[in-house]
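Asks: Okay, here's what each chain looks like letter by letter:
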Amino acid sequence: MHGLLLLAGVSLLSFVLVELAPGDYFAEMRLDPRISEATVHALRARYGLDRPLPERYGRWLASLAKGELGYSFAYGQPVGPLLWPRLRNTLLLTVTATALAWLLAVPLGTWWATRRRGPADAALTGLTAMLLALPDLVLVLGLLLLAVRTGWFPTGGMVSLGHEQMPWGARVKDVAFHLVLPVAALVLGIVPALVRYVRASVADALGAPFVRAARAHGIPERRVLFRHALPAAANPLVSLFGLSLAGLLSMSLLVEVVMSWPGLGPLFLEAILARDFHLVLGPVLASTFLLLGGNLLADLLLAATDPRIRTEER
Amino acid sequence: MPALLEVRDLTVHYTSGNGAPAVAVDELSLDVEEGEVVGLLGESGCGKTTLLLAILGLLPESAHVVKGSIRFRGRELRTLSGAELRGLRGAEVSIIFQEPALALNPVRRVGPQVAEVVRAHRRWSRRRCREEALSMLAEVGFTAPERVHDSYPHELSGGERQRVVIAQALACRPALILADEPTASLDSTTQAELRALLGALQSRFGLALLLVSHDLGALAALAHRVLVMYAGRLVEAGGPTQVFGDPLHPYSRGLLRALPRAPDPAGSREQRIPPPIPGMSPDPAHLPPGCAFEPRCPDRLPPCVERPPQETRLADGRHVRCFKYGG
Ligand SMILES: Nc1ncnc2c1ncn2[C@@H]1O[C@H](COP(=O)(O)OP(=O)(O)OP(=O)(O)O)[C@@H](O)[C@H]1O
Ligand SMILES: [Mg+2]
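Protein sequence lines, in the order shown, are assigned to chains A and B. Quick note on the numbering used here: the first sequence kicks off at 157 and runs consecutively. Quick note on the numbering used here: the second sequence kicks off at 10 and runs consecutively.
Keep in mind the hints are simulated off the structure, nothing from the lab. Note that the coordinates shown come from a computational prediction; the quantities given were computed from them, not determined experimentally. Beta carbons: idealized from backbone N, C-alpha and C, even for Gly. Be careful, since some hints might not be right.
[What the hints assert, rightly or not] Beta-carbon label-pair distances, calculated as ranges:
#: 1; chain 1: A; residue 1: M286; chain 2: B; residue 2: P69; range: 27 to 37 Å
#: 2; chain 1: B; residue 1: S71; chain 2: A; residue 2: T306; range: 41 to 51 Å
#: 3; chain 1: A; residue 1: A289; chain 2: B; residue 2: S134; range: 49 to 59 Å
#: 4; chain 1: A; residue 1: L173; chain 2: B; residue 2: G28; range: 21 to 31 Å
#: 5; chain 1: B; residue 1: H163; chain 2: A; residue 2: E377; range: 37 to 47 Å
#: 6; chain 1: B; residue 1: S71; chain 2: A; residue 2: F333; range: 48 to 58 Å
#: 7; chain 1: B; residue 1: S134; chain 2: A; residue 2: R271; range: 26 to 36 Å
#: 8; chain 1: A; residue 1: G274; chain 2: B; residue 2: R182; range: 33 to 43 Å
#: 9; chain 1: B; residue 1: P69; chain 2: A; residue 2: A255; range: 54 to 64 Å
Start from the sequences and build out the full structure, keeping to the hints where you can.
Replies: Laid out in structure tokens, this is it:
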């Protein structure tokens with residue numbers, strides 16, 4: 157319910173913002189001497205750009221309901237069909253990266269939390285601080301440079317030439333191979349923050365009074381960590397899960413553009429440059445949708461891991 | 010024949026940053042005999058919790074045992090390895106913490122939290138540990154142990170949680186339980202119930218109990234001996250009737266005047282607000298060179314500012330640390 161309201165709010169806000177931005181797709185045409193003012197005028201009327209804002213919003217909503225999500229002037233077709241394959245590719249990238257990032261961050265952060273004040277602690281503090289300070293763009297370009305220099309991994313795109321002709325297994329392998337670099341960029345971009353957060357949450361749980369009580373009962377240290385501290389740290393970690401998706405998604409747009417991954421990112425950029433309004437709105441809505449989905453998932457997980465929340469809802 | 014627990018000259022410092030170390034426990038000695046209930050009394054910050062934590066080697070990193078010895082059944086606990094200490098905790102010596110609500114893991118059912126204490130010390134099957142947990146839950150007064158077993162801590166009342174914590178502490182039949190104000194956070198009816206429960210369990214299992222409490226009613230009913238602590242030191246020790254009826258040390262007198270008595274049988278419902286001892290307890294980082302209570306003491310004598318008084322043993326078997334009685 158809350159999510160639906162949010163979605164409506166985002167759609168309205170982004171629609172108004174995009175519409176209020178100076179210039180439109182056809183304004184560019186006016187600069188072209190071969191196209192007459194009258195033609196531009198007619199085109200604008202045809203696509204309803206001369207109508208007042210509320211009416212345009214209403215029309216766009218109607219096309220949303222049909223799954224068309226408006227009309228792209230540049231492509232001359234509804235936005236929906238342009239968007240779906242891109243969304244799928246972005247999902248492939250971000251879901252893989254999210255899974256990998258968490259699979260790395262949880263064990264590493266937990267281990268780190270048990271190593272207070274030692275060489276490992278200092279090393280990890282330094283390493284994560286360095287990675288956190290590194291701008292995403294520098295990281296992505298650095299990886300790209302590495303790939304170009306070594307030739308180990310493809311530096312762009314999602315498939316090789318002749319992908320369509322490959323047998324099924326080889327096609328999966330091909331895509332996986334192309335995934336390596338952008339996923340590595342995303343994981344390296346988000347893992348430092350995640351690891352620090354996991355470490356802080358687990359360390360927090362290890363300092364809790366019930367952990368001291370468990371130790372006071374002679375519970376072995378491994379069990380204290382896995383059966384007391386980790387379950388108690390699950391709540392903050394799951395809450396972060398939704399947020400981590402947001403960070404990953406926004407970084408993913410950048411990575412996709414630089415590494416020419418055919419996801420929402422390049423489409424978004426292209427649409428903005430062309431002032432192709434409805435095509436700009438598509439990725440915005442899709443991203444909002446993904447974030448809402450992530451948060452919903454986090455809420456469900458939270459209810460599954462935390463008995464206190466389950467009782468509240470009952 | 011040594012006592013069950015013998016603490017000698019125990020001194021614990023907290024170091025924080027670069028200031029002078031805070032002396033939380035200062036050359037403290039005490040004995041607890043097999044099956045004996047020893048009450049420990051003293052105002053907030055005098056070092057009671059620190060003392061209990063030090064006995065079980067549970068002090069935080071900022072605390073250091075500077076000197077002294079802690080012997081349990083003649084065995085020096087300060088030199089035990091981590092594994093040996095782990096084997097002792099919960100099995101031979103248990104502790105009940107000040108805040109029972111916080112001593113249970115909030116995201117796990119309470120039954121398994123009792124069973125795991127058994128499992129940590131006995132090579133029993135999972136099933137047998139569970140049965141033992143259920144019988145311990147019955148032992149601490151639950152009429153439906155199965156239901157409690159499957160509850161989460163937040164589904165239980167404060168008194169019920171404290172019963173679970175007692176079941177954990179008792180699960181491996183330790184010889185000694187250190188209890189840190191086990192009833193302080195409960196309402197008075199529940200307090201009375203738990204006080205009765207502790208007494209019953211103590212005599213049933215022949216437990217020795219080092220009981221930190223400001224509940225004079227509980228101490229009078231349960232304790233064989235009462236110790237009064239001030240600024241990390243014991244200032245007075247004796248039987249409960251001796252200490253409560255006729256406190257000797259000026260601090261004990263002030264403290265007992267300040268503590269609410271057990272409900273007046275005459276039935277005066279209005280609670281008199283007891284007059285507190287004037288002044289504040291000294292900063293543990295800057296203890297005075299003489300008696301730590303001297304700045305607040307109504308009966309101070311010339312030597313009080315010069316050196317700390319020594320413990321004096323009186324003819325009736327009581328101990329007091331004050332120049333009024335020799336020093
Ligand atoms: N972790 C710590 N770091 C530094 N000083 C501490 C720490 N814990 C306790 N102290 C200090 O040690 C002294 C004794 O504290 P302790 O908790 O043992 O007192 P207490 O008698 O249990 O008090 P209360 O009745 O409030 O529980 C206090 O002066 C306190 O400020
Ligand atoms: Mg305390």
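Asks: So which hints don't hold here, by number, going up?
Replies: 4, 5 and 9
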